[in-house]
Each structure stands twice: as structure tokens, then as C-alpha cells.
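Based on the hints, put chain A in the right spot on chain D.
Listed below are the residues making up each chain.
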Amino acid sequence: MIADVLNGILLMLWRVVSDQPAPLAALLPALPEALRPVVSAVLCVSPIIGVFATLFALTTLMERKGLGRIQNRLGPNRVGPFGILQPAADGLKMLTKEDIIPRSADKLVHFLAPVALAVPTLLAYAVLPYGRNLVPLDLDAGLLFFFAVGASTELAIFMAGWSSHNKYSLLGAMRAIAQMISYEIPLILSAVTVVMIAGSLSPAHIVARQDGFIWGWVPHWYVLTPWGFVGFLIFTTASLAESNRSPFDLPEAESELIAGHLTEYSGFKYALFFLAEYLGMFAISGLGVTLFLGGWQAPLPGLDWVPSYLWFFSKLILMVFIFIWIRGTVPRLRVDQLLNLAWKFLLPLALINLFTAAIWHFTAVWQFPGALLLRWLLSAVMIGGAYVVLGRALSPRKKVSLRTYRYAT
Amino acid sequence: MSELLEAPAAGSVTAAPRNYEILPKPTDDGEVGGDLLEVAMGPHHPSTHGVFRMDVVLDGEQVVKLKPVFGYLHRNHEKIAENTTYLASMPYTDRLDYLCSMTNNWAYALSVERLTGLQPPERAEYIRVITAELTRLVNHTCLVGFLLQDMGALGTPLMYAFREREIILDLFESLTGSRMMCNYMRFGGCRVDLPVGWLDQARSALDGYEEFLETFQKFLTENEILVARSQGIGVLPPELAISASITGPMLRASGVNYDLRKVDKYGIYDRFDFRVPLGDHGDVYDRYMIRVLEMQESVKILRQALRDIPGGPIVDPKAKIRGFRPKAGEAYGRIECPKGELGFYLISDGSPNPYRYRVRPPSLINLTVLEDMCLGQTVADAVIILGSVDIVLGEVDR
Numbered sequence: 001m002i003a004d005v006l007n008g009i010l011l012m013l014w015r016v017v018s019d020q021p022a023p024l025a026a027l028l029p030a031l032p033e034a035l036r037p038v039v040s041a042v043l044c045v046s047p048i049i050g051v052f053a054t055l056f057a058l059t060t061l062m063e064r065k066g067l068g069r070i071q072n073r074l075g076p077n078r079v080g081p082f083g084i085l086q087p088a089a090d091g092l093k094m095l096t097k098e099d100i101i102p103r104s105a106d107k108l109v110h111f112l113a114p115v116a117l118a119v120p121t122l123l124a125y126a127v128l129p130y131g132r133n134l135v136p137l138d139l140d141a142g143l144l145f146f147f148a149v150g151a152s153t154e155l156a157i158f159m160a161g162w163s164s165h166n167k168y169s170l171l172g173a174m175r176a177i178a179q180m181i182s183y184e185i186p187l188i189l190s191a192v193t194v195v196m197i198a199g200s201l202s203p204a205h206i207v208a209r210q211d212g213f214i215w216g217w218v219p220h221w222y223v224l225t226p227w228g229f230v231g232f233l234i235f236t237t238a239s240l241a242e243s244n245r246s247p248f249d250l251p252e253a254e255s256e257l258i259a260g261h262l263t264e265y266s267g268f269k270y271a272l273f274f275l276a277e278y279l280g281m282f283a284i285s286g287l288g289v290t291l292f293l294g295g296w297q298a299p300l301p302g303l304d305w306v307p308s309y310l311w312f313f314s315k316l317i318l319m320v321f322i323f324i325w326i327r328g329t330v331p332r333l334r335v336d337q338l339l340n341l342a343w344k345f346l347l348p349l350a351l352i353n354l355f356t357a358a359i360w361h362f363t364a365v366w367q368f369p370g371a372l373l374l375r376w377l378l379s380a381v382m383i384g385g386a387y388v389v390l391g392r393a394l395s396p397r398k399k400v401s402l403r404t405y406r407y408a409t
Numbered sequence: 410m411s412e413l414l415e416a417p418a419a420g421s422v423t424a425a426p427r428n429y430e431i432l433p434k435p436t437d438d439g440e441v442g443g444d445l446l447e448v449a450m451g452p453h454h455p456s457t458h459g460v461f462r463m464d465v466v467l468d469g470e471q472v473v474k475l476k477p478v479f480g481y482l483h484r485n486h487e488k489i490a491e492n493t494t495y496l497a498s499m500p501y502t503d504r505l506d507y508l509c510s511m512t513n514n515w516a517y518a519l520s521v522e523r524l525t526g527l528q529p530p531e532r533a534e535y536i537r538v539i540t541a542e543l544t545r546l547v548n549h550t551c552l553v554g555f556l557l558q559d560m561g562a563l564g565t566p567l568m569y570a571f572r573e574r575e576i577i578l579d580l581f582e583s584l585t586g587s588r589m590m591c592n593y594m595r596f597g598g599c600r601v602d603l604p605v606g607w608l609d610q611a612r613s614a615l616d617g618y619e620e621f622l623e624t625f626q627k628f629l630t631e632n633e634i635l636v637a638r639s640q641g642i643g644v645l646p647p648e649l650a651i652s653a654s655i656t657g658p659m660l661r662a663s664g665v666n667y668d669l670r671k672v673d674k675y676g677i678y679d680r681f682d683f684r685v686p687l688g689d690h691g692d693v694y695d696r697y698m699i700r701v702l703e704m705q706e707s708v709k710i711l712r713q714a715l716r717d718i719p720g721g722p723i724v725d726p727k728a729k730i731r732g733f734r735p736k737a738g739e740a741y742g743r744i745e746c747p748k749g750e751l752g753f754y755l756i757s758d759g760s761p762n763p764y765r766y767r768v769r770p771p772s773l774i775n776l777t778v779l780e781d782m783c784l785g786q787t788v789a790d791a792v793i794i795l796g797s798v799d800i801v802l803g804e805v806d807r
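Chains D and A, in that order, are what the protein sequence lines are.
Residue numbering for the first sequence follows the numbering used here, beginning at 1 and increasing consecutively.
Residue numbering for the second sequence follows the numbering used here, beginning at 410 and increasing consecutively.
Since the hints were made in silico from the structure, they are not lab data.
Where a beta carbon is used, it is the ideal one built from N, C-alpha and C, also for glycine.
Among the hints, a few may not be true.
[Said to hold, decoys possible] Pairs of lysine-lysine residues, derived as DSS-like cross-links and limited to a Cα-Cα distance of at most 30 Å, are as follows:
(1) 167/D to 476/A
(2) 627/A to 344/D
(3) 671/A to 727/A
[As the list claims (entries may be wrong)] Label-pair distances were calculated between CB atoms; the ranges are:
(4) 82/D to 606/A: 36 to 42 Å
(5) 579/A to 381/D: 54 to 60 Å
(6) 672/A to 381/D: 54 to 60 Å
[Said to hold, decoys possible] Example chain A residues on the side facing chain D (calculated, C-beta under 8 Å, incomplete):
(7) 558
(8) 632
(9) 698
Pulled out of the complex, with its shape left as it was, chain D reads as follows:
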């Protein structure tokens, strides 16, 4: 029996690595009936935690190295060759630091906040398709589940800000609430566009709809349609704000609020916050990849032999790299500008984009020559016009412009 189980584990691993369907089925029959649900759940959960925690470590290294290069310095290079062991050193430092709880803090809530942030973030991973047949929980309303657990992280940030009994924390928490609620709407609306076209709330199904190639080589991803492209941009912008990344890092704006809601956290709790923030960024990037970048689909025909999860993770890392790049390049917005951008620009643009997607969908029946070009032009006019009107004409700050200066001799 033990030989059976070992054989099953090896077969399962082989199936996962070689991208074959139903890897769990290789192991489960070898186990007693009663154990199967438990083992199957553990086998689904542990790789997610393991893989994404490793990815977190790698990303912190990539971020510090990348920011270093952007800022004309070397980045960490002391621990291990080229500094690749830096994440281990960081982790050890975090674990060995003293855990300080302010005397006037609400101790229970202060303790619960990082947990309440990390748990829903991990839950969101349940519905993402990581590869062909690699979706832990194929819910019919998976997207809805994702956004529902994603929204509950706001509560955790407010708990952190409130319980710390620190004014910077409170200000940061208030900013976080305003920002995350505002940006949830364009985020969801851009996702709804995909749902409308794909006709499903199941991420696995949405990826399946982006299968195949136009003209044999252009992948059938939603980002390569006019509405999908704009939707992807809106989604990326909103997800930057959702994951508190620069230029929307107002809740923890260092130059204004020290560290916002994280001010009074230290040691392992701080590490947990940090972890949850990065996990949230991966989750939302993963959703972006699923919705717009074709999930685990290969970008060119003939590349199907590469395991599908590798495509998923390379796209994910590409998005994370873009997040890092933006962080190293742009200054931060102010609160009112941030909210204006969400409500006066992104939200109407997302609605118009929804409408454009509908037109794109219904004009798909056009068969005359040049129909594709005409559809592209029509969509471009609709979205481009909206962009100009929303971004410039309705802008409340018309007086803002580049200036010329006079000189006295």
C-alpha cells in the first residue's frame, strides 16, 4: 500500500510537471476512502502557499534589484552571490525582531488585522486557473468569489489603522478605505466587460474562450481587441490602487504618513502585512492575466509543448515587473486627485468601454471586406473620444499647464 501511495505521488508530480490532466486522480485511488477529501484539499492548498511564498521572496529580490538599477545603484549584493539570498536574510530579520504592541492599542484587533488581511488574500487564489486543468476550485461564479474576498481585505487595513491608536495609522486607514472602495468599481467594471463577452463568471471558462489564434498566429486574447486593451489598462491602473502600489501608495505614503497603517507594526506581523500585500498583488495580476492576457495560453502557435503553468507565471511576473517599474518612475498623486481619477475618469471610461465591447460583439457578424478595420475604427473613435472628453475637456484643472518664465537682466 505504501508503495502504491509513493507511486501515486510520483505519478501525480509527473502529471503536474508534464501538464497532464487530473494529477490528483493518480494519487487518490491509492488512499483509503476517508482520507481522500482531506488529502486532496491539502494537496491543493500547500502548493499555492509554497509557490506564492517563494514567488514573494523572489519578487522582493527582483524589486530591490530592479529599483536599484532604475535608481542608478546596485541594489542588495552582500548576501550570497549577487545578493540572491537577501530574501532569506530579510525574512530572518523580520522573524527575530521584537514584536511591539503600543500600550494604548486595541490589542486583539491589532493582532487580528494582519491575519484578516492574509487569509482572504490567500482565499482569492482558490479560483485562479494556473495552467491547463490546474484550477484548485472551479467555481461557476469564481470571479464573484475573487472580488468578494478581495473586498474584505479593506476591513483588515482599517482594523490595522484603527487599532494602532496612532494618528498616522488612522489617516492611512482612512485613505485606504476611500481609495480601495473607489477603485473597486472600475476594477470590477473592466472585469465585467470580459464576463459579458465570454459569457461566464468562471475564470477557467474565460481562459478557455481565449483559445486559438486569428489568422493562425495572433492569439485570441482579449487584450488584443480594442475594448480589451482599454479594459486591461483600466484594470491595471485600478489594480495598482487596489494593491497600494505607487503612484497610488497613499495609505502608506512614506513622505507624508511615515508608513500609514503599518506604522505601529513590527516583526512578524509587519512581515505578514508585507506578505499579504505582495500576495494581493500577485492575485490581482493573476486575475489580469486570466481575464485579458489569455491565462495559461501560449502566445504563439506551436508552443503548446511548454507546460501551460510556465506561461501563466511568466505573464504574472511580467505584470509584477511593470508594477515595479512604475513604482520606480512616477511621483505620487494626492488624495483628491486620486479619487477624481477613479470617479470622473476611470469609471465613465469603463462604462463606455462596456458599451464599446457590446458593439464589438454585435458587429462580429459583419462579413464584408474591411469589416475588421471598420470595427477597430469605430471602437477607437468611441474610446478615444471618451478619453479626450473625460481627460481634457471635463478636467477641473484647466489652468494647469506648462509655463514660460520671464527674466530680469
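Quick look at chain A alone, frame taken from chain D:
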């Protein structure tokens, strides 16, 4: 000058009366000010540029009251200088505004020269102009970097600014032996002559600097977020600027044409062809841009000075080191240091020590209008307004 005369007479406008009790009086229920939140930003805050504290009262994010608190870095500069010889204070002036030791030296040397009637030789005057304008480049480059840092640009502009600053600091090091605490000027001249090849080094550094300024402007001045964050923020009206005796780039950003290099023509500044940029709005963006434009003008001055510098001695032969006792009298020497008018007021009673030694610190005086600029703005704005004032706490607290 004409524009200065046209500006409203100083003293006609005064700042709003201040009430430094920070929170309003509690009501009968013991509630303090309803929704107001008092935050002490500093003295250990990432963006107060040292040990400076802003006690702000916030209504939501809006600043309704602001009380600047300083003195954490008070080192008794003036009293110490009164208890030591004239020359011994020279290295101590480096520590006032520790980014601009050359201009501090010059201002102090100038006032002692006024007191004693020493006249630096030609070459020394040129070297002073060159080092002072290099200092201006250093200071403004740092300021622009720090301002962007305050706006949340995560150090990237700062790092590139510091890279350029290093080149000039290397020049200072090869000239004076020290990168920041130069201690270079002497009464009636300079301490050492230029090393061999220094002028060529300076010229090549200048070429790189022009390129850097162009790139910097291309990437930052037209950055939409920077423009949106800084235009219309922290407006300082020219009337208030004059009556609060604001000087330097801050005053010129408000549109008042007052540059001591043009007004006093101290040293040999009347020989150089340069212009004084003026802003029309007096907001953070203008203060930022005036500094960028001033750097371009400094590069122009430097080019002329490096071209024209003559040979000859670098110290007035009449200058004495030992037994330096100016005859009784008083003198005030002031120069346009990168932050504004830096002046030293000295009274001599004929002894080796000054009887009275007083610094007019531009950082401190420019800071006095902080509350007027910040009221009604948000916390995020208050931080960049403070950044645009350009303070160094060594000079504010002395």
C-alpha cells in the same frame, strides 16, 4: 531694480495674526474641536528635512492650523563665535548650511573684509565666484531631488541628482581637501590656489551638468503628476513675501526681482552676463522651476568665469593671520547664497574676538511664512511646500 521699486512697499501687508494654541478650546462636554486631529509631524518624520516639527491640526486631510517648532539642533553658533577668534569661526560657518559651505564661508569672509578693509585679489574673486556658483548647483540639484522625493517619487530623481552632485563634490575635494565642510575662504582671499588641471576638470564637469539639466527637465518638468501636484499649491503672494523679508529663489518665484548678485554686485558679479528668472504665481511649481532655471544661469556664469580667470596671488598681502585684530567698528556682509540672503553682522571692539556675531539665516526667515502657505492645503501638500522652502536645519537652528 525697477520691478523691485514697483512692488508694494514692505510692511503694508502683514501675515495673519497667529494663535499658537494649537487645538481650539474644549467645549463644555470636554470635546476638543470635534473632528479635528492634531498631528505632530516631526521631529523624526521622513520628510521634515532634519529635526524639524510641524504641529498641524487637520480637518480630514486639510490643514487648518500649522505651528512650526524648531530649535532641536540649536548649537549656540553665535555665542561660540563670540568667544573665539575671527578665523576660528570660519570652519564653524561650514556647519550652518552644511550643503553650501562655500557660500557660508564667503558671506563671513565678506563681512570681515568689510570690517577690516581687506581686498581680495582678482584671482581670488574669480575662484570665489566659481566655487559659489558650483555650490548653487549642488544645493539646487539636491533640493530638486528632495522635492521629488517628498512628492513620492521613491528616490529615483534623488539618486540621479546625487550622482551629479558627487562630481562637483569631487571638485571641492581636490580643491579644499573636504567634500562638504570646505573651510576654504580666508579674509582677503582663499586658502589654497587651484590644483593643476582643476579648471579643465571643472569645465568637463560643467559639460556633463548641462546635459544632466536637459535630461532632468525633459523627464520631470513635463511630468503630469508633478505639474498636477505642484501648480497652485502653497501660493506665496509677493506682498507677503516682501513684508516677511523672504529672500532668494522663494522671493523670485513670487515675481519680485531681487537678487543680491544684481543688487549689491558684491565680488565681481557685475562682470558676468546672466539673467534672473522670475515666477508669476509663487507656487511650488514656480519655486521648483526658478531653481532649475537658476542652475542654467549658474552654468552660464561658470563658463564665463572659467574662461576669464586670471593668474596672480590669491590672498591680499595685507592680510594677517596671527594677531588679527580689526579696529573697533561694525560691518554687515551679505551674499546671495543658494537659499537666499545670507548675512553676517559683526561688531568689533578691537579685540581678537568679535564683540557681537550675528547670522541672518535665510532658511529660518523663509520658514516663517510656512503656515500662511499651508493653510487650506492637504497634508501631502504641506510636505511638499516645506520641501520647496528649502531649509537646512543646521542653519535654521544654528
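Verification of the hints:
Straight-line distance between C-alpha atoms of residue 167/D and residue 476/A comes to about 17 Å, which keeps the hinted pair within the 30 Å bound. As the CA atoms of residue 627/A and residue 344/D are separated by approximately 29 Å, the hinted pair is consistent with the 30 Å bound. Between residue 671/A and residue 727/A the alpha-carbon distance is near 29 Å, which keeps this suggested pair within the 30 Å criterion. Against the hinted window of 36 to 42 Å, the Cβ-Cβ separation of residue 82/D and residue 606/A comes to about 38 Å, which satisfies the hint.
The hinted window of 54 to 60 Å between residue 579/A and residue 381/D holds, with their beta carbons roughly 56 Å apart. For the pair residue 672/A and residue 381/D, the beta carbons lie near 58 Å from each other, so the given range of 54 to 60 Å is met. A least Cβ separation of about 6 Å between residue 558/A and chain D falls short of the 8 Å threshold, and the interface hint therefore holds. A cut of 8 Å between beta carbons decides the hint on residue 632/A: the least distance to chain D is about 7 Å, and the hint holds.
Annotation: residue 698/A was flagged as interfacial toward chain D, and the flag holds, the nearest CB pair being 6 Å apart, inside 8 Å.
Of the numbered hints listed earlier, not one is contradicted by the structure.
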